[in-house]
Amino acid sequence: MIFILYNEVNKQREVKEMSAKKVYGFLTQAFIFSVIMLISDFIAEHLPFPMPASVIGLVLLFLALCLKIIKLEQVESLGTALTSLIGFLFVPAGISVMNSLGVMQQYGIQICLVIIVATIILLGVTGLFSQLILGMTKDNKAKEEIKDVAMSEKTKKQGIA
Numbered sequence: 031m032i033f034i035l036y037n038e039v040n041k042q043r044e045v046k047e048m049s050a051k052k053v054y055g056f057l058t059q060a061f062i063f064s065v066i067m068l069i070s071d072f073i074a075e076h077l078p079f080p081m082p083a084s085v086i087g088l089v090l091l092f093l094a095l096c097l098k099i100i101k102l103e104q105v106e107s108l109g110t111a112l113t114s115l116i117g118f119l120f121v122p123a124g125i126s127v128m129n130s131l132g133v134m135q136q137y138g139i140q141i142c143l144v145i146i147v148a149t150i151i152l153l154g155v156t157g158l159f160s161q162l163i164l165g166m167t168k169d170n171k172a173k174e175e176i177k178d179v180a181m182s183e184k185t186k187k188q189g190i191a
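Every position in the sequence shown, counted from 1, becomes a number in the working numbering once 30 is added.
Among the clues, some could well be false.
Simulated crosslink set (DSSO-like; lysine-lysine; CA at most 27 angstroms straight-line) [what the hints assert, rightly or not]: (1) K168 <-> K101; (2) K177 <-> K101; (3) K98 <-> K52; (4) K101 <-> K171.
FRET-style restraints, in silico, Cβ to Cβ [said to hold, decoys possible]: (5) T110 <-> A148: 49 to 57 angstroms; (6) E75 <-> T167: 37 to 45 angstroms; (7) F120 <-> L143: 29 to 37 angstroms; (8) L143 <-> K171: 38 to 46 angstroms.
If you are wondering where the hints come from, they were derived from the structure by calculation, not from laboratory data.
A quick note: this is a predicted structure, and the numbers were derived from the prediction, not measured.
The beta-carbon is built from N, C-alpha and C at its ideal position, and this holds for glycine as well.
Let's have the full structure, built from the sequences with the hints guiding it.
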């Protein structure tokens, strides 16, 4: 009986320690995101051209991850949670569009045309860029194969001579 109680107390202690680690991890991740957003907001205010702070924040987070200033584990779970809530987070943007129906009525056709043309241009540029990248990698592979063949022929000649 005492053994069972001892095990239960240990389990409860482990659960408390695990939940404390989860809370600490969440707060750490929220702090990292908040610092990045504060920095990006500061940058957006001081740029000579308009740029959304959220876009700057994404770029800063990407750079911090690439440069290994921030490890993926430090922001992964909060990022996943925010991604799962993305539909809910777009509700304010949808409401602001509804508040701008006058502008949509006045310039709706022009806005749709700009969106369509921009999408077509974006698809074209993305396709061309990906073909360029794929062409470069194919050229590098072909050059490596030529070098390998030349080296093998050279070693055969040296072995014969």
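So, going through the hints one by one against the coordinates:
1. K168 <-> K101: 33 angstroms, violated
2. K177 <-> K101: Given that 27 angstroms is the threshold and the Cα spacing comes to 39 angstroms, the pair is violated.
3. K98 <-> K52: 23 angstroms, holds
4. K101 <-> K171: This hinted pair is violated, its Cα atoms lying about 33 angstroms apart.
5. T110 <-> A148: 49 to 57 angstroms: 30 angstroms, violated
6. E75 <-> T167: 37 to 45 angstroms: Because 41 angstroms falls inside the window, the suggested range holds.
7. F120 <-> L143: 29 to 37 angstroms: 23 angstroms, violated
8. L143 <-> K171: 38 to 46 angstroms: With a Cβ separation near 42 angstroms, L143 and K171 satisfy 38 to 46 angstroms, so the hint holds.
Figure legend: structure checked against the earlier numbered hints; hints not met, in rising order: 1, 2, 4, 5 and 7.
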